[in-house]
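Undergrad: Spelled out from the first residue to the last, the chains are:
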Amino acid sequence: MGAIVYGYFTDELDLLHGIKELQEKGISIEDVRTPFPVHGLDSVLKLRRSHLPKVAFLAGIVGLTIGMGFQIWVFTKGWPLNFGGKPYMSIPSFIPVAFELTVLFAAYTMGISFLVRSKLGPGQIPDILDEKVTDDHFQIILSEEKNKMNNEELSAALAATGALDVKLLKGEQ
Amino acid sequence: MYVSPVREPLINGEKSYKDITDDVIAPIHSKPGKFWYLGIGISSTVMLFGFAMIAYSIWFGIGTWGVNRTIGWGWSITNFVWWVGIGHAGTFISAILLLFRQKWRTSINRAAEAMTIIAVMCAGLFPLIHMGRLPLGFFIFPYPNTRELWVNFNSPLLWDVFAISTYLLVSLLFWYMGLLPDLGTIRDRMKTVWKKKAYNFLSFGWKGSARHWHRHESMSLILAGLAAPLVLSVHTIVSFDFATSVIPGWHTTIFPPYFVSGAVFSGFAMVLTLMIVTRKALNLEKYITVGHIESMNKVIIATGSVVGIAYITELFMAWYSGVEYERYAFVNRALGPYAWAYWIMMTCNVISPQLLWIKKLRRSVGFTFVLSIFINIGMWFERFVIVVTSLSRDYLPSSWTMYKPTWVEVAIFLGTFGLFFTLFFLFIRVFPVIAIAEVKSIARSSAKKFIGKSVRNDQPEKH
Amino acid sequence: MIEKKVIPEAVPFKFSQKLKNILYIAAVVGLLALVWGIFVDKAPSARIWANVWLNSLIFLFIGLGSLFFWAVNTLGESGWQTSFQRVLEAMGQTIPFAAILLLMALPGMKDLFEWTHTDHLDEILQSKTAYLNIPFWLIRFAVYFAGWWFFANRLRKISIKNDLEPTENFLKRIRSTAGWFMVFFAVTSSMSAWDWLMSIDAHWFSTLYGWYTFSSMFVLALAVIILITIAFKKYNILPHIRDEHLHDLGKYLFGFSIFWAYLWISQYLLIWYSNIPEETHYFVERTENFNELFYLNVLINFLVPFLALMTRGAKRQPLYLAVIACVLIAGHWLDIYLAIMPGVVGHEEAKIGVLEIGLPFFYFAAFLWIFFISFGKAKATPENHPYFKESFDYENI
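So the sequences go chain by chain: H, X and C.
Numbering-wise, numbering that gives the first Met the number 0 puts 156 at position 157 of the first sequence, and it's gapless, one number per residue.
Numbering-wise, numbering that gives the first Met the number 0 puts 177 at position 178 of the second sequence, and it's gapless, one number per residue.
Numbering-wise, numbering that gives the first Met the number 0 puts 250 at position 251 of the third sequence, and it's gapless, one number per residue.
In case anyone wonders, no lab produced these hints; they're calculated from the structure.
Source: prediction; values computed, not measured.
Even for Gly, the Cβ is constructed at its ideal location relative to N, Cα and C.
Each hint should be verified, as a subset may be incorrect.
Among chain H residues calculated to face chain C with C-beta under 10 angstroms, some are [as the list claims (entries may be wrong)]:
hint, residue
1, 50
2, 54
3, 56
4, 76
5, 79
6, 84
7, 92
8, 95
9, 154
10, 155
11, 158
12, 161
What the simulated footprint calls covered on chain C by chain H, stretch by stretch (three residues with Cβ under 8 angstroms from a Cβ of chain H suffice, anywhere in the stretch; the number is not a length) [what the hints assert, rightly or not]:
hint, segment
13, 24 to 33
14, 150 to 156
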């Protein structure tokens, strides 16, 4: 990992402003860390819409199929039992369980996908540069590798946006 | 996002982001006071007593309860439905209110969700004990076995197993995913190394990256979309336990939505009971304002009135149906041997919430607190009326009988209160009671110092 | 971030001659269908009256549903709807005309309601005569309409008055009026559903019926609100309506279609499961003799909106949303068709012919006519509403 330059703002509007200024200079942003989801940040950073809804939808279909399929199999092939004279395959009474399984599959598949995709999980040690990003600091991180400028230029550009306490972290290798 | 200046602020006082963090985390940092020790002491004692009584009834059998052949479901199922109902507020607040963009939810959703999860755990105990042989409880799940037998998927009781387990699991997921950023916040405020490590473990290594937030928001929205019908489905399926039968007073088609409404009603009452005390004890009055209490009271009038209309509809339909059993069931409710329970229910659930139409009472913290307890009592009696009164007078007069709980049943019920409060006391020491990140995210539009100003400077002034 | 599109000047709404001509033609088509039904098709009187009743109810539901939508948003202190609030207000103004249309079907009461044949009531129906008798039924009819009309009018007056002389207590007044309306509506929406729909199958009863009918009413109203809003956006009468508004309306349509399906399955499942003959006969009649339509109803009103409106993009695409709204209007027409026809006409004579397809045009034309007239009477937007500005500056996440 190459060297990185970082600094912070104390107001989210200044952060959005700062990002725009940097982008105008053609600097690509490595990461932004904020204490809460800042409104409008995704569009400034041009983050693509997440695929998680699609994952949830597909997992929901799997859950529904398993739920319905299994119940139908049990009551027609597995062990058909007569309950209250109802037909073996009585779809209305399979709906509740199938619905619950749909939701269960969709929710958990999405939750786990979120963690995997974001590389979050029990035991993860995050690379925290400023402990206050979970409090009231809005941090911009620039990486030397992804920009054509050197450290000093990046630091100067970042400081020019009004970012406070601009620091440099040398790469490990 | 512009917020009209006529709206009441959701955060009072001049709170900066840092203040929000510090105020919410304070109870986790500080040493617990003597009230906390007293509270958890009493509730855990009651809990242990309840557990002992559970052991007692398992050892000696359900014969130690007051249930009999006619009234097979006594307090146990009443308590079960009551607790499940209470467990509806949390997910309602965080899912349905999120979909309706009700920003006031952010101050109460975390605690309400925790309450939901605890209440569902309390609820789940009752059917498990009631089944008798607790070690064979796993029979309720469809698992491959040598007899190649499966559970009865046609039975509403089995639907309940799926509904309650799914609800518990999904609520847990929703709650925990929302907690991740806040646990990260706590981690970074901790000074001791082991605490830092522990909270880092719990927070899954959260670091507040924009990409994570972006995904997190989109996941929360979909989870809310999934949880909203789930909330509806849970009490719907609980109501199916009754309504799919042919017992007059149980079998009526209005049950599903009416149960859901009643559940949200009682859930909000319990949230109010808890939060009115919590906001005082933890100094969170600036975040859980009188405006929040008023909003919750509005939900209470709405759901309470829906419940009231459902009562009247049932009553009218019993007459309109022309079925003599239906008619008798409702005459019996209002005038029979359990009429007192019916009238407690009517007074607490239908009449008392109507007082909230008065703005002054809606905004009175003391009144709301008392009322919320009345509603909790009323909703318990609603379930009692449905379960016991309906069963005590069925089609066959020779089997008519009465039911009286034994002290074992009473003690188990009290024990669940002990469990509920013990876990809640632990919760407020370990986890943030208010969703820190979510409150911060609405501060810009709805905190007192920003209200009436547009969040963006680039927005068009006129259209 | 906010789309920095240039918002065109609002075109003041004028009920133009061209628009009037289109509505004339639609109304004439509807009336021709009626004439066709009577003279060419030689439809039995029950079928004629059932159609008149069905369409009048739909006419009412659209207006009443939007009045509810407006009141509930007012009570919920929401701001986003204020930019098209005048559409809702004007739709509410159609309610008294619904009374006239329903009254026009009264000569056919004997065909519509079995319980009016007082001479040969069976034992069960006799036990209901305290409620199901013509004078009391008419009194209730009058009370419902008096109340709805009173509130629709009063809310509208408060709202319009605020355009001219904004007052401090505007929100308070409109909210308390909306609150009283909600109380009245909560009782009367169920009762009117019993009176006008459930009592067609006079032996049958279901406690859920009122709420089920309400859900159908609400989806119908939402669909029409969406259509009108999209049209007004297109013709720059409400140029400031953004994708966000459509997105929200789409979410309502999506959510309440699911809610409708939830009530549908709740009612069906409980009756099917308990299998009590007094209750099942209602569904037996429909599943045996109206089989295709019975399942088509669920397909159109649940599966179509559920799959079609699931994605974000779908709700923000005006034309697409409009098509789904049209499908749902047809779907809920079918839902009410299934509530009325089996009881009134019977499966041997009920069909979907020229009469059924053509007659609604008359009612929709009448609805739009009254709507346009009342919409033209006030400003297109309630500019002094305290939440008015909020309605432009918001986003869906």
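Undergrad: Are the hints correct? Go through all of them and say.
TA: Status of each hint after checking the structure:
Using the Cβ-Cβ criterion of 10 angstroms, the hint placing residue 50 of chain H at the interface with chain C is not satisfied: the shortest such distance is roughly 12 angstroms. At its closest, the beta carbon of residue 54 of chain H sits 14 angstroms from a beta carbon of chain C; the interface hint therefore is violated under the 10 angstroms criterion. Below 10 angstroms, beta-carbon pairs count as interface contacts, and residue 56 of chain H has one with chain C at about 7 angstroms; its hint therefore holds. A distance limit of 10 angstroms between C-beta atoms decides the matter here; for residue 76 of chain H the minimum to chain C is near 23 angstroms, and the interface restraint is violated.
Taking 10 angstroms as the C-beta cut-off, the interface hint given for residue 79 of chain H is violated, the closest approach to chain C being about 19 angstroms. The restraint placing residue 84 of chain H at the interface with chain C holds, with a minimum CB-CB distance near 8 angstroms, inside the 10 angstroms limit. Hint on residue 92 of chain H holds. Least Cβ distance to chain C is approximately 7 angstroms, under the 10 angstroms limit. The interface hint given for residue 95 of chain H holds, since its Cβ lies 9 angstroms from the closest Cβ of chain C, which is under the 10 angstroms cut-off.
Taken as an interface hint, residue 154 of chain H does not check out: its beta carbon lies about 28 angstroms from the nearest beta carbon of chain C, beyond 10 angstroms. Annotation: interface hint on residue 155 of chain H violated; nearest CB of chain C at approximately 28 angstroms, more than 10 angstroms. Interface restraint check for residue 158 of chain H: the shortest CB-CB distance to chain C comes to about 26 angstroms, outside 10 angstroms, so the restraint is violated. For residue 161 of chain H, the interface hint is violated, since its Cβ never comes within 10 angstroms of a Cβ in chain C; the closest pair sits about 20 angstroms apart.
Counting residues of the segment 24 to 33 of chain C whose beta carbon lies closer than 8 angstroms to any beta carbon of chain H gives 0, which falls below the threshold of three, so the coverage claim is violated. Remark: the segment 150 to 156 of chain C is not confirmed as covered by chain H, as 0 of its residues place a Cβ nearer than 8 angstroms to a Cβ of that chain, below the required three.
When held up to the earlier numbered hints, the structure conflicts with 1, 2, 4, 5, 9, 10, 11, 12, 13, 14 and fits the remainder.
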